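Protein chains in written order, with my numbering: chain A, 107 to 475; chain B, 107 to 475; chain C, 107 to 475; chain D, 107 to 475.
Copies of the same chain are indistinguishable here, so a pair counts whether it falls within one copy or spans any two.
Mimicking SDA-like on lysine to any residue, the simulated pairs with C-alpha atoms at most 20 angstroms apart in a straight line are:
| id | residue 1 | residue 2 |
| --- | --- | --- |
| 1 | 305 | 363 |
| 2 | 206 | 434 |
| 3 | 426 | 474 |
| 4 | 172 | 194 |
| 5 | 253 | 473 |
| 6 | 172 | 125 |
| 7 | 305 | 370 |
| 8 | 208 | 178 |
| 9 | 253 | 180 |
| 10 | 426 | 382 |
| 11 | 305 | 367 |
| 12 | 301 | 159 |
| 13 | 305 | 366 |
| 14 | 426 | 375 |
| 15 | 311 | 416 |
| 16 | 172 | 192 |
| 17 | 367 | 313 |
| 18 | 208 | 434 |
| 19 | 172 | 196 |
Keep in mind that the hints were calculated from the coordinates and are not lab data.
Note that the coordinates shown come from a computational prediction; the quantities given were computed from them, not determined experimentally.
4 protein chains.
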Amino acid sequence: MLGNTFGRLFRVTTCGESYGGALQIIVDGVPPGLELSEADIQPDLDRRRPGQSDITSPRQETDVVKIVAGVFNGYTTGAPVGMIIYNVDTLPKHVAQYEKVKELMRPGHADYTYHVKYGRFRDWRGAGRASGRETAGRVAAGALAKKLLAREGVQVVAYTKEMAGIRAREMSFDEIVAGVEQNTARCPDPEAAEKMIQKTLEVKKQGDTVGGIVEIIARGMPPGVGEPVFDKLSAQIAKALMSIGAVKGVEIGEGFSAATKLGSESNDIPYVDGDRVRFRTNHAGGLLGGITNGEDIVARIVVKPTSTISIDQQTVNMFKMEETILAAETRRDATIVPRIVPVAEAMMALVLVDQLMMWRGYSAFIREK
Amino acid sequence: MLGNTFGRLFRVTTCGESYGGALQIIVDGVPPGLELSEADIQPDLDRRRPGQSDITSPRQETDVVKIVAGVFNGYTTGAPVGMIIYNVDTLPKHVAQYEKVKELMRPGHADYTYHVKYGRFRDWRGAGRASGRETAGRVAAGALAKKLLAREGVQVVAYTKEMAGIRAREMSFDEIVAGVEQNTARCPDPEAAEKMIQKTLEVKKQGDTVGGIVEIIARGMPPGVGEPVFDKLSAQIAKALMSIGAVKGVEIGEGFSAATKLGSESNDIPYVDGDRVRFRTNHAGGLLGGITNGEDIVARIVVKPTSTISIDQQTVNMFKMEETILAAETRRDATIVPRIVPVAEAMMALVLVDQLMMWRGYSAFIREK
Amino acid sequence: MLGNTFGRLFRVTTCGESYGGALQIIVDGVPPGLELSEADIQPDLDRRRPGQSDITSPRQETDVVKIVAGVFNGYTTGAPVGMIIYNVDTLPKHVAQYEKVKELMRPGHADYTYHVKYGRFRDWRGAGRASGRETAGRVAAGALAKKLLAREGVQVVAYTKEMAGIRAREMSFDEIVAGVEQNTARCPDPEAAEKMIQKTLEVKKQGDTVGGIVEIIARGMPPGVGEPVFDKLSAQIAKALMSIGAVKGVEIGEGFSAATKLGSESNDIPYVDGDRVRFRTNHAGGLLGGITNGEDIVARIVVKPTSTISIDQQTVNMFKMEETILAAETRRDATIVPRIVPVAEAMMALVLVDQLMMWRGYSAFIREK
Amino acid sequence: MLGNTFGRLFRVTTCGESYGGALQIIVDGVPPGLELSEADIQPDLDRRRPGQSDITSPRQETDVVKIVAGVFNGYTTGAPVGMIIYNVDTLPKHVAQYEKVKELMRPGHADYTYHVKYGRFRDWRGAGRASGRETAGRVAAGALAKKLLAREGVQVVAYTKEMAGIRAREMSFDEIVAGVEQNTARCPDPEAAEKMIQKTLEVKKQGDTVGGIVEIIARGMPPGVGEPVFDKLSAQIAKALMSIGAVKGVEIGEGFSAATKLGSESNDIPYVDGDRVRFRTNHAGGLLGGITNGEDIVARIVVKPTSTISIDQQTVNMFKMEETILAAETRRDATIVPRIVPVAEAMMALVLVDQLMMWRGYSAFIREK
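Looking at chain A on its own, in the form it has when it is part of the complex:
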């Protein structure tokens, strides 16, 4: 594996597996003087952890984070911030369950690709590094990034836009912020949320799982952030979000609906609002030419239905190279859409701090415009 560091200036590195000893997170590029303690990180970890509701996994990880470096007397020092999360729910009986199927490809999972790539040495306990568990590291780093951004007047929020085929109505930013934590679907539209949960529980009863769409909004980014032509903010956001397990698509602003629009419908018309330029619509999702235009950054990701289902599936024993049956699995998430919400926020925040830092370094050299 060669890809466990993210970012160019503000840089996150993580390690850790589902049933290994611990997850470690190192965040380089944290400026000194940010008031920081575990209490800033823990809430987002609690939003991500399993065992929150009957639509997500029953695994009982408390995900307690401990800061071991980079903070002194309650403030960041400028040195890299080091965090550790010990794995606690690694009971032998659960490991034994994984051991039984360690030679089988679980459809939809990365067992086969890890087997091809890392061979018999791969950690098959709970999918090892390929487990969604690694996203705890993203969330811890992202919580730090969000705190930094808040100080810059930037707020990042994500929520469940669609789940189990039910789509939330259009809502204002404030409505979303207020509503996202009001239900286990993390959908700020309470009627839609109710339907999403009902539908998901129905599907769960049938042994199946559902997917959905998460929307991420960042408000307050100054215009001018993003580095053409390859490191456009849109490109970095796409990378960041697509790197989350189970995500199969990313769109910005009007996204895929642009395919059927006309130019005259797709262009956002600008106007003068005091001393700044605003836009009458936000089809662009806050990005023009890959650079922020001062409007909300709006991105959406699609989350595939959880691959682990409670239905027998045809599969292959990778060691014996013969076809066989993977028995129904009971310990699972009926959907991971609500748990992806804090992960998506985290990845967006990491990108924004990184690019904002680059832009400020660069623009400090401009003498006049």
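Start from chain A and add chains B, C and D according to the hints.
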């Protein structure tokens, strides 16, 4: 601008503006012994260049590429390959047209974000660096990457999947390869292509423009390529494709349609095919856990309708900060979807070579599996 | 701080301060199947830790390393290896000593530059991140790299070439390997070592400190490794070694003595030795054009005398901006030269694995030579 | 080759060989609004080019640089600056000379390592990419960097400190700046310069060559620049300078002489000078803990004697693997020390801009100190 280099080992760096002196392309990481001449690069540039048909721009750039470094006696030497494309269609009358509107925000374009970021120094001639012209550099580098991949048994093809609301039917890989260059829509389904072109010309007559969807397929990639957790192949593909101007979304495999699928519908069931594992479906688009599984890599991007339209638009004079009218523009692409096709192939190819090179370096250290 | 990750493919990230909670080390790019346990790492940490002898610091850090990720059933899995070293000797009485002088610049130390850069938030306890303590992270990662290299037939050894003005005689590689751990000076020439230690103890009695030169040799690297023109192996070695605290110079092969040589004296004459090319001398230190030539890589670094001395020094109170006296400090290293030896080995090993991995990835694309 | 890009934010990419078509240089990260034309670049290229005096190569390259991107109306636009230098002195008769010895290892040159690495495809004309000719690209980019630095109040100067065993006396910064271009040795001490030139001409007559030491000084850097622990400014300077062909060592401040100093002699004592801290000596060479302390940055490099000599040498035919004689070569530099001077300035300038940009981006996030 800080983002004009792409790739970690196989690394492309470009510069050049729409109406500047030339585009330069440097490709580092090219192995020695690849037979290479301008004849390998020019055809893809010809596919990208303006002036190809009545649905794309009438600008007359011949885009003649010249290799100036890294090739000796017809073969690459291992040194970085340097290419140059001189701009020729930079007539004063066209520059004058841009000059007239240099203070105005052209809706949908990056004028405003470049103005905010680079100030009065930005090159307003034909959008400068923000012009689609920079994609010639990508295509030149991509042609080289495709030639390398071909030697490894990997073939990359892109085509117009949807344009002006018309969608092509499902086709086999071979059908796509055979058909993509048969019409100006670059859609291998001739009936759909015909409709796409007709619809686009209609819209063009109304002064408007259309968007669409390009699908990119890579066949022949060995299983095992991709670097979790942040540099998954899916993530790098997303970045690569989203960095192309006018692209507002990227999806892999079943993509956004996963939102309404059940787990049992979304999982691809594996089977044994001789000494390898295959899958009965390819919802995953060739990637599991961000690593190739040996099936075709399938990605799609949405291309927004061209922003330049032949209809007057409300806008803002950025220098005077007052609202005004941007007059209809006549010299333009009714759609850029067919011209994005070679660009998308190029970006896919660049990512694949880069990750394949990483994977091989890494795997050379594995003693046994 | 933006620089706590090292390497392009084989990539080490560290965090941790002298008196913080712990040091964390994440090593990405470790191939699967390497047998690895703490027992592989601990010996090098023991060589680096304080409290080894009367010429080094009396601080009592046991530096016990724990692997928390990336290893399963005794073998690396391909996932990043995570290690943690808790700080234990962080007694309040020692912290109190540092607190007394926290406003003063300790001459030769980074107090002032950290104060300018990170302000009042810097961790002044034992120099915080600027402490030599961070090198424990390098050594842990380096031990892993050395184990990987050993499997490839590459051996890295460093030793004290000069200390307190006493220079070791010329020795063979085998003599060096056999002798380096035979005395506390880490000098394989026992007579020179004895003199070095005596001279250092004399200087220590006067309250002063000494510096020296460490030579690092890597044997067994295949020819062809190194990436011109900016990432030549020589350049990467120079960066790696110069990044170690207290190092003020790096030279390769004949190094600074080349200044007074003639071309005819400096060129190494090649000859044919069976099926390979060898050189009659090794002024080049194993590198021509920044690429390995198959001979031993030989580098030397100069280590300045320890900055902390037991003599009163004039200094400045950075908070009050007034001149004052820094009192003699008693808890200190009379020299850190022998403790730098394992650190230098580690940095050399990290560079070699990284560049070897790049070279193999790249060369896997060469079809014939 | 994988290493032709330098820098993290301010990033230079080059290509081009000794007898290829052209050198191309792309500089990314150039802020908009810098007045720039070829006249800013050409003088440094003229200082580097061959044919300047009887102690350097007689090759007649005019090295005329042309800016083809990133500059508009006389100012940088923020887009990457593209430059091209065509090779003109590539006469068939000179190529023929190289062809005659293309199978032979020229001692001291990179022929063998390139042969091992790139095989029979390497460009043997004038050493191809391994030629000192590539440093023209560094110098062009460095001239741009120096202009940027000048605007920030930073001045970089290099000069010949030692050549052919003759060492210049100690001189003030102003004396060095005034004197460096007064003689062909680029040594601001006229008596020493005279002796250097005489000694070099004597050695030249014997068919041999000389080396020397170049000192590089940067004045005006603000304190606080440099990124611990791996990207310390000292480490980046070491990499930058060691990447120059023929350089076998780098030292900072007191450098290798620190080996024989005591701590009390090596520490620089600070004092208060108005509202800033200064140091009574500069043994540290302006860097403490890898971060600037506000004093002059002082680095020195050793340049080995030119490898091409006018004396027959034993060597190996790499194709036939048999020993043979390489005949004396007449077209050569008796020394390259004076030609390295502008290259060393360039590399120092590139590092300083890059790290200054990082530091400013980072520090823009600090709310108070």
